[in-house]
Each structure stands twice: as C-alpha cells, then as structure tokens.
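Chemist: Below, each chain spelled out in residue letters.
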Amino acid sequence: MDLFLSALDILMRWDVALALLTGSVGGVLIGAIPGVGPAVAIAILLPATFSMDPIVGLTVLLGIYGSSMYGGSIPAILINTPGTAVNALTTYDGYPMTARGEPRRALSLAYSASFFGGIFSVICLILFAPVLAKIAPMFGSREIFLAALLGIILVVVAHRGQALMAGALAAFGIFLQTIGMEPVKYSQRYTFDAPFLQGGINLIVVVLGLFALSQAFVLLTTEDEKIRTTRLSGGSLFQGLRELARHPRVASVSAGFGVIMGMIPGVGEFTAQFMSYTYAQRSSKRPEDFGRGSSEGLIAAETANNAVPAAAMVPLLALGIPGEALTAMMLSVFYVHNVVPGPGLFQNDMDFVVALYLALLILNVLVLVFLLFATKSLIKVVKIPNRFLGVCILTLSFVGVYSLRNSATDCVLAAVFGVLGYILKRLSLPAVPIILGMVLGGIMEVKLRAGMARVKTPLDMIDRPVSFILFLIIVLVLVIHIRRVWLDRRELKEAEWQSKHRSTSFGRLLLRRKSSFVMERGKLQRARRLKWYRRLTDLF
Amino acid sequence: MATERERRFAGPRRGQLVFALGFVVLSLLLLVQIGDQTIWAAKAEFFAQPRFWPAVGLGGMVAMGALHLYRLPWRRFTVNDRVELRRWAAVLEYALWFMAYVLLVPVLGYLPVTLVFVPLLSWRMGYRSRFMMITSIVFAVAVVVLFKSFLGVKIPGGAIYEYLPGALRSFFILNL
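Taken in order, these protein sequences are the chains called Y and A.
With the first letter of the first sequence counted as 1, position 111 gets the number 111 in this note's numbering; the numbers rise by one all the way through.
With the first letter of the second sequence counted as 1, position 114 gets the number 654 in this note's numbering; the numbers rise by one all the way through.
Just chain Y, same shape as in the assembly (with noise of 0.2 Å):
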C-alpha cells in the first residue's frame, strides 16, 4: 500500500497530469493518421522530451505508445486502411461491420476491447511486481548478455521469410554502435580519421532518419488517395462495453496472450494478434463469420494489440532490454536522465515503477473517455493529404535531429538513413533489426566485457541457473527456427516438383541426351540408306 500510495505521490503534479492528456489525445490522434505510426511520433518529440522529468517525458511517450492504436482502429473500421501497422487485423471484421451500416457498433467494440486489453495488462503487471523485483537481482551481466542475445534472435526470427536480411541488418546495427572511440583501450574503431564520427553515432539520428524521414519520403513521393469516410450510424458509442461483457472468455484469453507476447523480446502484437484471432476463431461457435465482421475476431485483435504496450516495459524496465523499436526509443529517455533501467531500478525506484504503470492506467480511461465523445470530429483527421503529411513530418524531423546536438552532420547522416529506410520500406525489408542491432550491441558489448572478466572457460557463463535457462532458450528458439526453415525448404521442393514437367537429375538427363542423339542419328542414317536406296532401286 505504501508503495502503492508513493507511486500515486510521483503521479501528482501537474506537468504529469498535463503530459498523460497530451500523449493520450496525441497518441490518439497520430494513430488515426495513416502514414504517421508510434514510432514516427516518438522519435520526432524523443529530444524534446530530454528537458522534462524521466517520469513526465516517459508519460507522454508511453502516452502515444499506448493510445495510438486506439486511434488507428478508427480508419481501419471506416476506410479499411489500418492508421497504425497493428491495426491491420482489425480492418478483417471491422470494415465488414462498417459495409454493413453498423461503423458506430465497431468502433465502440473496438475502443471498449483496446481498454480493456490496457487495463487487464497494467493490472497484471502491477500484481506482477514484486514476483519481477524478485527476479530482477538473479540477473548479472552474464544473464543481460544472454537475454540481450536471445533479443536479437528472437527479433531476427520472428521475420519469417526475411530472416537472412533480418539477421544481416542486425548484425550491421551491431556494427554501426561500434563505430567511434571504444571505450576501455580509448582506441578508434571505423572512424576514417573523421572528426564527426569520433562520438560515435547517435541512435536518436538513426531512429529519425530510419523512421521518421523515411515515412516524409514514402509520403512525398505517393499520390493523395481519395477518402471518403462514412457517417457514424448504426447503435451507440457505448453499447461495445455491454457487447464485449458478453465475450469474457475471447476477451481475457486476447489480452493473457498479449500480456505474454509483449513481455518476449522482439515478438510483440503481430504474433498476439494472430494467436489471440486464431485461437478466437477455433473456438468460436460461428468461425464462419471471421472476416465478415465478426465481433469475436475485432476483440481479439484489438484486445491483444493494446495488452502488448504495459507488457512491453518489462523487459526495459526489468533489464534493460528493450524488445521492439518504440521501448529501445524510450531506454535512450532512460540514459540521458541517469535512470539505468535494470535490476537495480526494480530494487531501488519501485515506486517509479508502479507509477509508470498507473499512469498506463490512467492513460487507458483518460483515452476511452476522449474517444468516446471526440470520435465524430476525430475522423476528420483520416482526411490529411498525404504529400502534405510528409511535408510536415520532413519539418518535425528537423526539430528531432538538430535539437539533439545543433549539428548539421547529424542532419546529413539522419538525411542518409531517411533515403536507407525509404529503399528499406521499398523492398519491404524490415528497419527494426537495425535500432534492435545498435541497442542491444551495445548491451552485449558492455555485459560479455564484464562477464567475462568473471569467468575462467565460455562454459562458466553458463554455471548459474538463470544463465542456463536461457541458453537452453536460444538453443530451443534456433533449433524451432532451423527446423521451419528445413520444412520450409521441404515444402518448397514439393510444391517445384509437383509444378516441374522433367526430372532434373543429371544421369537422366544424359541418358536422354544420348537417346535423343542415338535417335537423330537413328534417322539421319536411315534417310541416308534410304536415299542410297532408291537410288539403287532407281538404276534398276
């Protein structure tokens, strides 16, 4: 309780009230854009927030992190185009309920899912707590070597497909935090005697570069699309908390497998998303509407995407780790306040802690409320040209990237990263491996250093219980991935040889080489003594 009550006491100040409603209705708002996601968002104002308290800068950003899917079921259900990535799901049952005349009915299931999903994670999480604080100390640099590793895999795997290029932007986000002066032998590592690249790279110009930038160069160079929105008819704003009472189980089994998926890193809401519908679908009594809007499927997805956000910051919190690009954004919120997330913050600064997460909660019904009486207005929003969207994330990004340093080369390299992320988003390569990369190289790089100044053989860095746990996690996760991708390979082969008309083994093919030329010359001497033949015939 005293924990509870001092967590309240960090809350009650005014420039924290005033940030939970700017990155509630911010985050709000940014979602029901398409074009401008979280991420945008975030790294545009991360700067900006450097000159605020930890508690009040990591508000507004948890704000938007956690509100913008909220906001971006709005265009998913009306015009069928997710305002954020995570929203895609829900355009499956939303957009059906919205062509059939019932867009108010969907959007009130979806906000009452989304609130419910927040606020079934934070209170997990709260409960969660002290288990975490428990658990939080058994972690040394060994093990925040090891789950920093298992971070980068998991991320690297879970691009199903794209692994290889996955792996590869990863391994050059390692590269890229290694360039600059290293610091234990004070030696210069791929700096080409350049002075700029002396400090290193900052991550912060990376991240506005890859996302921001490179989002104002997708949106300058595509057409305006033409919108046209729908009245808001069909039932009450209000009747999706009385219709999502009737789905407790798909509601809290949703939101369980976003509170799990959230807390791994690198898997995130795509995978809640897709267990939570599949496994409301297999267990619906009507499965046959999934995808004609189906209310069971709308909770699940928006459920389990809005359960991931609360989930989300423990590992950050807990270790450090951030697992996806928006958290590794906000760690660098963490640094530059001196607050190092890890262990030592669950020990020490709980009521921190427990304070971010009630402002999750008061984040949650600030928002519903917001939504709830703005929406009418709010889909005005959706109508934003796209081109002049981008013209104004290209001016945004400035504030970003020069604020940080008041430096023109860091323009120059976020303007190099802008022009990678846009050829990134060309080819449809992911760019998180690359921010996952830089932050967790850098992890890695500092906890292997330490461990290993503590151990005498590679195998003591497994001696201890929680080291071996996940090692044997990394292991399981390579060895599931090798085998799908031999299945993978497998089915590939099949499907070639069921669409191939000739074998392509090589005996067989000389073997039919040879009996095509015995066959030419076959016929090239039968004509011959054919024609020796009949002339022979002819002198008689």
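The reader is advised that the hints may include incorrect statements.
Below, computed lysine-lysine pairings styled on DSS-like, alpha-carbon distance capped at 30 Å [unchecked claim]:
(1) Y:493 / Y:523
(2) Y:425 / Y:380
(3) A:583 / Y:456
(4) A:583 / Y:185
(5) Y:383 / Y:226
(6) Y:226 / Y:425
Reference listing, derived: stretches of chain Y covered by chain A, where coverage requires no fewer than 3 residues with Cβ under 8 Å from a Cβ of chain A [claimed, not checked]:
(7) 6-17
(8) 136-142
(9) 183-189
(10) 420-431
No lab work stands behind these hints: they were computed from the structure.
Idealized CB from N, CA, C, for every residue including glycine.
We have chain Y already, so just place chain A on it with the hints.
Modeler: Just chain A now, with coordinates in the frame of chain Y:
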C-alpha cells in the same frame, strides 16, 4: 511465368538484387579494412578486444548478406530494377530540401526559414490553393511556437537576429 521460389519470396522483385549486391559489397569493403580501422590490444581478453564487436557486426553482415544474395531467386537485372533505382534517386531531392532547411536555419532563423520552407515545399508538392497555403503557414508558426517557445528545444537563433534592436533581438533569439 514466376517460379515457385519467386512466388514465395517475401517482398517485391524490383530492386532486391541491386540492394543485396550493394549491401554485400559495402560490407566486404568495410570488413577488409578491419585491420586499419580497429586495433588488437595486447594483454586484453579475446572478447574484450576492440576489434571483436566490429568483427561480429561486419562478419554477420557479410555472411548473412551473402547468403541472402545467394538465396535470391533472381540473377539478372531487369528494366524494373533500373526504374526502381531512379525512384530511389528521386528521393534525394527531398533529402536536399531537408538539408537546405537545416543549413538555412542558423543563418536566417528558425521562424523565417520555417515560414518559407513549409509553404514552398507544399507548393512544390502541388498544393497551391489558398486554403493549403494558409494551412501550411499556420502549421509553420505552430511548430515554431510549440517547440521553440513552449518546449524550449535547443535550436539556435539565426545570425540575422543579431541585426535586430536590443530587446527584440533577445526575444527572437530565445523564442523564435
């Protein structure tokens, strides 16, 4: 007709070969310089060597990039690749707009440059109606007021502000 391997590839064909090839070549060029660009410290553990992590990063880039290149279902450049390259190059125009904005702010000041930059780029993008011009000007003013005046982000005042009279000069440097 597309083969089974091509159909199963995640992502479009255009530009994949160019990117993969460029990535591997760049990684290899960086890797061959590892001897010059990093040191091997005497009396330091293997894992604590300054060269260890750049080697891990570049090794991973080369190995996985090369494998990705090898596994690509295409071996030839097509017209689509050339078109895609031109598309990538077209983005450089906006990168230059951004850099011009960056370089002009310290000279002419944040507010004046933003007031010109946003409407000008909007004009370039084809928004020429009075409504869009006014919207872009309002947006420009709002951004400067929000970030520089309210949130106090560190953006230096323009060199041109030095020519303003006393109190106005410090007001402009601090807020606009």
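Chemist: Between residue 583 of chain A and residue 185 of chain Y, is the straight-line Cα distance small enough, at 30 Å or below?
Modeler: holds (11 Å)
Chemist: Can the stretch 420-431 of chain Y be counted as covered by chain A under the rule of three residues or more with Cβ-Cβ separation shorter than 8 Å?
Modeler: This one holds; 6 residues, not fewer than the three required, reach chain A with a Cβ under 8 Å.
Chemist: Under the criterion that the straight-line Cα-Cα distance not exceed 30 Å, is the pair residue 493 of chain Y, residue 523 of chain Y satisfied?
Modeler: Roughly 38 Å between the alpha carbons, so the hint for residue 493 of chain Y and residue 523 of chain Y is violated.
Chemist: Is the coverage entry for the stretch 183-189 of chain Y by chain A consistent with the three-residue Cβ rule at 8 Å?
Modeler: holds (count 5)
Chemist: Go check the stretch 6-17 of chain Y versus chain A for me, would you? Three or more residues, Cβ under 8 Å, otherwise it fails.
Modeler: violated (count 0)
Chemist: Are there at least three residues in the stretch 136-142 of chain Y whose beta carbon sits under 8 Å from a beta carbon of chain A?
Modeler: Violated: only 0 residues of the stretch 136-142 of chain Y have a Cβ under 8 Å from chain A.
Chemist: Straight-line Cα separation of residue 583 of chain A and residue 456 of chain Y no greater than 30 Å?
Modeler: Roughly 16 Å between the alpha carbons, so the hint for residue 583 of chain A and residue 456 of chain Y holds.
Chemist: Please work out if residue 226 of chain Y and residue 425 of chain Y have their alpha carbons no farther apart than 30 Å.
Modeler: holds (23 Å)
Chemist: Does residue 383 of chain Y pair with residue 226 of chain Y here, judged by a C-alpha cut-off of 30 Å?
Modeler: holds (8 Å)
Chemist: Is it true that the CA of residue 425 of chain Y sits at most 30 Å from the CA of residue 380 of chain Y?
Modeler: Measuring from Cα to Cα gives roughly 27 Å; hence the hint holds.
Violation of the numbered hints given earlier is confined to hints 1, 7 and 8; the remaining hints are satisfied by the structure.
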